[in-house]
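S.K.: Sequence:
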Amino acid sequence: MLHLSIVNLHRDQPAPIAATLAGASGRIATAETLTAGRIDTRIEFGRKDLFVPIRLDGAQLTGWRLSLAFRPDW
932 MLHLSIVNLH RDQPAPIAAT LAGASGRIAT AETLTAGRID TRIEFGRKDL FVPIRLDGAQ
992 LTGWRLSLAF RPDW
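Going letter by letter, the sequence shown gives residues 932 to 1005 in our numbering.
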């Protein structure tokens, strides 16, 4: 399993992602995003979690190439 973290600083703008994962062997790609109202949102114990996880469709793995597009409507 490979975990790749990517940050889109402009959540209202689309962000196409392409990565070459040389040496990785995989057949399936899945994606999830965590969204909050502000880029500096922090988790605070005892308070409601402000991050909302959303499963993303469209992650594709072809050979060693991973592609995904973050869209503002997610």
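Take these hints with a grain of salt, some might be off.
[Unchecked claim] Okay, the calculated beta carbon distance ranges per label pair:
| id | residue 1 | residue 2 | range |
| --- | --- | --- | --- |
| 1 | Thr993 | Ala967 | 30 to 36 Å |
| 2 | Gly977 | Ala955 | 24 to 30 Å |
| 3 | Ala967 | Leu935 | 31 to 37 Å |
| 4 | Ala967 | Gly989 | 20 to 26 Å |
Quick caveat, the hints were computed from the structure, so don't treat them as lab data. In this text, a Cβ means the ideal position worked out from N, Cα and C, and glycines have one as well.
S.K.: Could you run down the list of hints and mark each one as holding or not?
M.R.: Verification of the hints:
1. Thr993 with Ala967: 30 to 36 Å: holds (31 Å)
2. Gly977 with Ala955: 24 to 30 Å: violated (39 Å)
3. Ala967 with Leu935: 31 to 37 Å: Violated: the Cβ-Cβ distance is about 20 Å, outside 31 to 37 Å.
4. Ala967 with Gly989: 20 to 26 Å: holds (22 Å)
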